[in-house]
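**Student:** Sequence:
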Amino acid sequence: MATIEERRHSAAHLTARAVQNVFEDVQVDIGPATSDGFYYDFDLPHRITPEDFGKIEAEIKRLIALDEPFVRKVVTREECAKMLEGQTYKLDRLSDIPEGEDISTYTVGDYAEMCRGPHVAHSSEIGVVKLMRVAGSYYRGDEHNKMLQRIYGIVGTDQAEIDAIIAREEEAKRRDHRRLGVELDLFHLDPEDPGQVFWHPKGWSIYVTLQEYMRKKLVKDGYQEVNTPALMPRSLWERSGHWDHYKQNMFITESEKRIFAVKPMNCPGALEIFNSRMRSYKDLPLRLAEFGHCARNEPSGTLHGIMRVRGFVQDDAHIICTEEQIEEEVAKFCRLLKDVYKDFGFDKNLVVKLSTMPEDHVGDESTWRHAEASLAAACKACEMDYEIQPGEGAFYGPKLEFTLIDALGRPWQCGTIQLDYQLPSAERLNAEYIGPDGQKHHPVMLHRAVLGSLERFIGILIEHYAGAFPFWLSPEQIRILPVSDKALGYAHSVRDALAAEGFRVEVDSSAEKLGAKIRLATVEKVPYQIVVGPRDEAVGTVSVRARGEGDLGAMKIEELIGKLKKEI
RNA sequence: GCCACUUUAGCUCAGUAGGUAGAGCACUUCCUUGGUAAGGAAGAGGUCGGCGGUUCGAUUCCGCUAGGUGGCUCCA
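The numbering used here numbers the first residue of the first sequence as 6 and each following residue consecutively.
Treat the hints as calculated values from the structure; they're not laboratory data. Predicted model, so just to flag it, every value in this text is computed and none were measured. Among the hints, erroneous ones may be present.
No more than 25 Å apart at the CA atoms, straight line, and that leaves these computed lysine-lysine pairs for DSS-like [to be verified]:
{"#": "1", "residue 1": "78", "residue 2": "95"}
{"#": "2", "residue 1": "225", "residue 2": "530"}
{"#": "3", "residue 1": "252", "residue 2": "262"}
{"#": "4", "residue 1": "178", "residue 2": "222"}
{"#": "5", "residue 1": "60", "residue 2": "78"}
{"#": "6", "residue 1": "358", "residue 2": "385"}
{"#": "7", "residue 1": "66", "residue 2": "87"}
{"#": "8", "residue 1": "87", "residue 2": "60"}
{"#": "9", "residue 1": "221", "residue 2": "568"}
{"#": "10", "residue 1": "221", "residue 2": "571"}
{"#": "11", "residue 1": "287", "residue 2": "262"}
{"#": "12", "residue 1": "221", "residue 2": "445"}
{"#": "13", "residue 1": "225", "residue 2": "95"}
{"#": "14", "residue 1": "570", "residue 2": "222"}
{"#": "15", "residue 1": "343", "residue 2": "221"}
{"#": "16", "residue 1": "561", "residue 2": "347"}
{"#": "17", "residue 1": "522", "residue 2": "568"}
{"#": "18", "residue 1": "561", "residue 2": "530"}
{"#": "19", "residue 1": "178", "residue 2": "353"}
{"#": "20", "residue 1": "287", "residue 2": "135"}
{"#": "21", "residue 1": "347", "residue 2": "337"}
{"#": "22", "residue 1": "87", "residue 2": "135"}
{"#": "23", "residue 1": "353", "residue 2": "222"}
Just the calculated beta-carbon pair ranges, DEER-fashion [what the hints assert, rightly or not]:
{"#": "24", "residue 1": "473", "residue 2": "440", "range": "49 to 57 Å"}
{"#": "25", "residue 1": "99", "residue 2": "378", "range": "30 to 38 Å"}
{"#": "26", "residue 1": "178", "residue 2": "352", "range": "23 to 31 Å"}
{"#": "27", "residue 1": "217", "residue 2": "529", "range": "17 to 25 Å"}
{"#": "28", "residue 1": "439", "residue 2": "340", "range": "24 to 32 Å"}
{"#": "29", "residue 1": "240", "residue 2": "190", "range": "38 to 46 Å"}
{"#": "30", "residue 1": "352", "residue 2": "166", "range": "27 to 35 Å"}
{"#": "31", "residue 1": "387", "residue 2": "556", "range": "39 to 47 Å"}
{"#": "32", "residue 1": "261", "residue 2": "444", "range": "54 to 62 Å"}
{"#": "33", "residue 1": "90", "residue 2": "257", "range": "49 to 57 Å"}
{"#": "34", "residue 1": "285", "residue 2": "101", "range": "49 to 57 Å"}
{"#": "35", "residue 1": "236", "residue 2": "352", "range": "38 to 46 Å"}
Glycine included, every Cβ here is placed at the ideal spot set by N, Cα and C.
Throw the hints in and build the complete structure from the sequences for me.
**Tutor:** Quick look at the structure:
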């Protein structure tokens, strides 16, 4: 029985064969199975569009129906090179294979390809193939290389399974934060000001509620909150190293012949505060938190809803400490992050990555390796599994990344902790404290964020909850629905009673009938709908509807308040 | 930034073989005062993303440009 990976990978081969049969001068690269299907990269003069999918799919279907065997063969380098004659990408890939390693080919019908495998035994085992989209992709993932044309496809046992996969994708699109953000009136993005979020009242309510939630956690964990300027001078960015390493991403402005930049990061501000007076080792670790608004001039093609923007606020903090304190501080942070993510139900679908020294970096290699080891040790200390991403660290230090997945399965880095020996050093911002020995020393700095950016995290939350936010986070927690205008007075008195308890509550005073009001409140995912009419007013009750539960019947207002307070 | 696609009312989308546009929802007004998922009627709303070209005439064809979408690269 063929595995789904084998079927997807084999489907990729037949896609390559079909594209070569349908079009002229096709160069093939590689085509692996992915977590939800497969892709294949091509280079050909014809620009492939979705309109071409029909004839490519028809050819794939024909090839599957031939039910030919996939035949594996181990060949010599020379034999393989001869087979790949004219296929420049494949030949380049061949030269990657180390001497002494087996080189295998898979042949199906008249089509042979260098491939590690494994594959299905016969093409009929693949099932049904549907091509989904076409996109550009740099050869070997390097932007200096030529851009190839990548075709994405999915595989199903039959058409019904294909339809189900497409239906699931449609369902996922309904959770898309860009759609829900508009539908629920949370925010909007202005085409004239790309990558900048306009938060509407309801979205901003979520934003501040989340911020207040984090503030409580920070106080408990020994942080102090600060705030530093949005605009800082070129001279500071030169000393920090950002001018050399990050300038292309900075918004730069000028006043009276002096150059300033809108801050892309909060770290220099935190060190300016540290440096504002003489510090003792007794002050360490110093944990300075800042909900700092940053602006980064991200490339236009990378912007995505509120997940990737040009103006955002991080739940940032900088921990200034001694080298001995690093491990405990990283572990302490990891515990905080696990605690927070658990509150949102993210403890399971969380991926932790340790990113190591990139090519563009400051500082010497031995310092880097030591820092990387500290992060790994801290992970182990709080029992967190991680994968290593070689060369993916920030230019100033290695980092742990905490990645969450959006509705369409795309990963987004949210939380992070980055170790930094450079910024506090004499060559950079020259932070110093007096040690027990009476001498000056440079501290180490940890950059860290639990949520990452409020914008991105809220984007993830919108999709995670499909817009149905938990009670404590809901912008409108309760909506009062008077059955008619005659109940408006009572509705407002109920509203006042609930608002006095600190709940976010509104009255639907429209001229609609009750059914329409209920429908609207349901579509807008308000957690509690409170129906009030003359019958309730007469005996001082309210009729309660809970999201997902329906009609809970009548209860006294005090009873309702008690119930709601338990939910906070 | 790169490759492809795309842009019509506030939103979701029709449409025009090139002769300046339409639906549903939302919005406004009026009628309806209705007890658990859409009461009824009328009205308003668009230089068809922007600039240029072809044409008697462009929302429609072509070019450029901006935004968006899907990826790639990069990143919180």
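**Student:** Evaluate each hint against the coordinates.
**Tutor:** Now the hints, each set against the structure:
no.	hint	verdict
1	78 / 95	holds (17 Å)
2	225 / 530	violated (32 Å)
3	252 / 262	holds (18 Å)
4	178 / 222	violated (33 Å)
5	60 / 78	violated (31 Å)
6	358 / 385	holds (13 Å)
7	66 / 87	violated (29 Å)
8	87 / 60	violated (30 Å)
9	221 / 568	holds (23 Å)
10	221 / 571	holds (19 Å)
11	287 / 262	violated (42 Å)
12	221 / 445	violated (34 Å)
13	225 / 95	violated (57 Å)
14	570 / 222	holds (20 Å)
15	343 / 221	holds (15 Å)
16	561 / 347	violated (34 Å)
17	522 / 568	holds (23 Å)
18	561 / 530	holds (24 Å)
19	178 / 353	holds (22 Å)
20	287 / 135	violated (64 Å)
21	347 / 337	holds (15 Å)
22	87 / 135	violated (32 Å)
23	353 / 222	holds (21 Å)
24	473 / 440: 49 to 57 Å	holds (53 Å)
25	99 / 378: 30 to 38 Å	holds (37 Å)
26	178 / 352: 23 to 31 Å	holds (26 Å)
27	217 / 529: 17 to 25 Å	holds (23 Å)
28	439 / 340: 24 to 32 Å	holds (30 Å)
29	240 / 190: 38 to 46 Å	holds (44 Å)
30	352 / 166: 27 to 35 Å	holds (31 Å)
31	387 / 556: 39 to 47 Å	holds (45 Å)
32	261 / 444: 54 to 62 Å	violated (41 Å)
33	90 / 257: 49 to 57 Å	holds (52 Å)
34	285 / 101: 49 to 57 Å	holds (55 Å)
35	236 / 352: 38 to 46 Å	holds (39 Å)
Comparing the model with each earlier hint shows violations of hints 2, 4, 5, 7, 8, 11, 12, 13, 16, 20, 22, 32; every other hint is respected.
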